[in-house]
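Participant: The residues making up each chain are set out below.
There are 2 protein chains.
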Amino acid sequence: MRPVAVIGVGMTKFGEHWNEGFRDLVIKAGLRAIEDANIHGEEIQAGYVGTMASGRLVGQEHIGALLADHMGLTPIPITRVEGACASGGLAFRQGYMAVASGMHDIVVVGGVEKMTDLDVAEVSDILGGAGDQEWELFLGATFPGLYAMMARRHMYEYKTTAEMLASVAVKNHKNGAKNKYAQYQNEITIDQVLKSKMIADPLKVFDCSPITDGAAAVVLAPLDIAKKYCEQPIEIIASAQASDHIALHSRASLSELYATKVAAKHAFEQAKLTTKDIDVAEVHDCFTIAEIMAIEDLGFYKKGEGGKATLDGKTALDSEIAVNTSGGLKACGHPVGATGVKQICEITKHPVNMEKNSRKI
Amino acid sequence: MRPVAVIGVGMTKFGEHWNEGFRDLVIKAGLRAIEDANIHGEEIQAGYVGTMASGRLVGQEHIGALLADHMGLTPIPITRVEGACASGGLAFRQGYMAVASGMHDIVVVGGVEKMTDLDVAEVSDILGGAGDQEWELFLGATFPGLYAMMARRHMYEYKTTAEMLASVAVKNHKNGAKNKYAQYQNEITIDQVLKSKMIADPLKVFDCSPITDGAAAVVLAPLDIAKKYCEQPIEIIASAQASDHIALHSRASLSELYATKVAAKHAFEQAKLTTKDIDVAEVHDCFTIAEIMAIEDLGFYKKGEGGKATLDGKTALDSEIAVNTSGGLKACGHPVGATGVKQICEITKHPVNMEKNSRKI
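Going down the list, the protein sequences come from chains V and R.
Per this note's numbering, the very first residue in the first sequence carries number 17; after that it's consecutive.
Per this note's numbering, the very first residue in the second sequence carries number 17; after that it's consecutive.
Hints may contain errors.
Since copy identity is lost for identical chains, a pair holds within one copy or between any two.
Claimed, not checked - Heads up, simulated SDA-like pairs for lysine to any residue below, C-alpha to C-alpha not over 25 Å straight-line:
(1) 318 to 31
(2) 281 to 61
(3) 288 to 118
(4) 44 to 154
(5) 277 to 58
(6) 288 to 256
(7) 277 to 119
(8) 243 to 17
(9) 44 to 263
(10) 281 to 56
(11) 213 to 55
(12) 288 to 91
(13) 175 to 264
(14) 288 to 61
(15) 281 to 86
Just so you know, the hints here were simulated from the structure itself, not pulled from any lab data.
Generate coordinates for the entire structure from the input sequences, incorporating the hints supplied.
Facilitator: So, in structure tokens, the structure goes:
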């Protein structure tokens, strides 16, 4: 496979978009990425788009054709990819594979979700479709409840505290306050998190990522021609994906993300790097406990020490490994299909990349 | 890119499955394909699954993880791909790319839809999500209506008759009667089609494909190791995909499938073949007019002559180019996400392939 680089990124502000629809958002992000990449539309040979639940949220499937049409890109192929909260990341991975294989040269990858047109109960039910619908959602287990069980187990096994969970939200709001694309650009305190409304014990409302509208897009090209378009193409040096039992009750451990461990192992092997080489990471903090498990299972901290590390400021902006510099899902927002692509946008624009033309996973 | 072959196929019977759910169907098809390929589960490195609207039809998204779990394949990556009625075909294409790129060796591709648990009006609304929801479905244009407009225009431009449309259904039912996996295994007459209930003038109920439950799966491997698993691996010599304006009102022509023309051109170029080399084809006959347009726009017959060719028996089983030997969507059934993969199952099992180790698109 040939080396592939990101040559442009673009996104909309994340938040509640009352005056823009699903297609407006993703087209805006796509056009910004195309502009950022200094390419013309005619140079794009294919596209991928990640969206989790456009069918239920806005009544629209067949997103690939919709985008090809409304971005004026027909007759190129655009394919929708879905993997719940990983939809954007998986779309990126397919785009990467399309370029790496030699099938296409310039490929655009988008991610989008329009979520705020329905009420919270409906959206929560729809998001439950990411779990095991027959065995979890049908019996009343929505995602806050599932992650609450993971948090409780993590607290039981590793003495993780509510303050440690809260410190994830506080850090991510601090980062979000610096990000003009973030849904919440305000800082919060640990005390505010702890006193906020209980959602699913021990998770309070400030432990949860919000419901968000938004879109993000990136442009990919073979590394050897990437320099033609931009001064600092960001090479993709690894891509890995793994799965786990979808239903929580089938997993070997409630306090561990096994798929994350497997994918991280493969990615580090591909990149020939170790965790010590990583300066910055965007991880999935749909709930505060998710970020703690992610930084442990990616290998940045020993199992059980992620909470304390966060409370001690070891994942803050100015630390050795800055986690969720965008504000994460918590403060930047979580338009499900867009999140994985937004993470790529953030990480490629980070100073560590701009200065050292460095790495990302 | 390295050559890729199909080494195993499997499917469920298409029809109304009252005693089997979404996951049961796709797992059954997957296991049959794995058995047919003579592989062990541990050899599978990745998977793709096509499903159009599982979120709305059965409340379940995140189909990749669901399958990895329930087929006992964790932690391998499985990714859902959606492209309306092309979902299965696009999943196959991603699987092809994953093997061709060298990213994975053995890849399983599935397609599935469980549609009969809802009533026809609901399903029709959900299928409308394949069109332009804001500009077509919202204003009342469901798919029978959209294809009726295409049929009317084709009749106006090319003197295509109701008998010609009916002859597609008659041929496909004749083929379906020989297919043990088909939803309808009964022959029908032109007179029966013409006298059947009008759905959207000029399309009668026998011009329409049915609502169906079912699943299909195939196993892919690099050609150089495919012989290890089966005597007659079927090489994939071309794969192409194209898009068109999603809303009918934006298309340059109502009586032509532009995306089909573009994709066919690319596929024939890749394969270094012409239409004269094709012995058998599976095409998308969601409505009888769709098959007529497909065989014209694929280049098998001149524009406007597809209806007469069908009426004259030129696409029958024993003709020069047999079209929809499975019974097509019309008689074999149309579980949307499964259809594209079923077409691959059918075409690889066809005598022309078994005897000559021949070609398919």
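Participant: Are the hints correct? Go through all of them and say.
Facilitator: Checked hints:
1. 318 to 31: neither (34 Å within a copy, 52 Å between copies)
2. 281 to 61: Between copies only: 16 Å across, 32 Å inside.
3. 288 to 118: Answer is both; intra-copy 23 Å and inter-copy 19 Å each pass.
4. 44 to 154: Answer is between; shortest inter-copy Cα gap is 23 Å, intra-copy 37 Å.
5. 277 to 58: Between. Shortest inter-copy distance 19 Å satisfies the 25 Å Cα cut-off; intra-copy 40 Å does not.
6. 288 to 256: within (13 Å within a copy, 35 Å between copies)
7. 277 to 119: For residue 277 and residue 119, the Cα distance is within 25 Å only across copies (19 Å; inside one copy 30 Å).
8. 243 to 17: both (19 Å within a copy, 24 Å between copies)
9. 44 to 263: between (36 Å within a copy, 20 Å between copies)
10. 281 to 56: Classified as between: cross-chain Cα gap 24 Å, same-chain 38 Å, threshold 25 Å.
11. 213 to 55: This pair counts as neither: shortest intra-copy Cα distance 47 Å, inter-copy 53 Å.
12. 288 to 91: Close across copies (21 Å), not inside one copy (39 Å); limit 25 Å.
13. 175 to 264: Within one copy, since 21 Å is at most 25 Å while 60 Å is not.
14. 288 to 61: between (31 Å within a copy, 21 Å between copies)
15. 281 to 86: between (39 Å within a copy, 24 Å between copies)
Figure legend: structure checked against the earlier numbered hints; hints not met, in rising order: 1 and 11.
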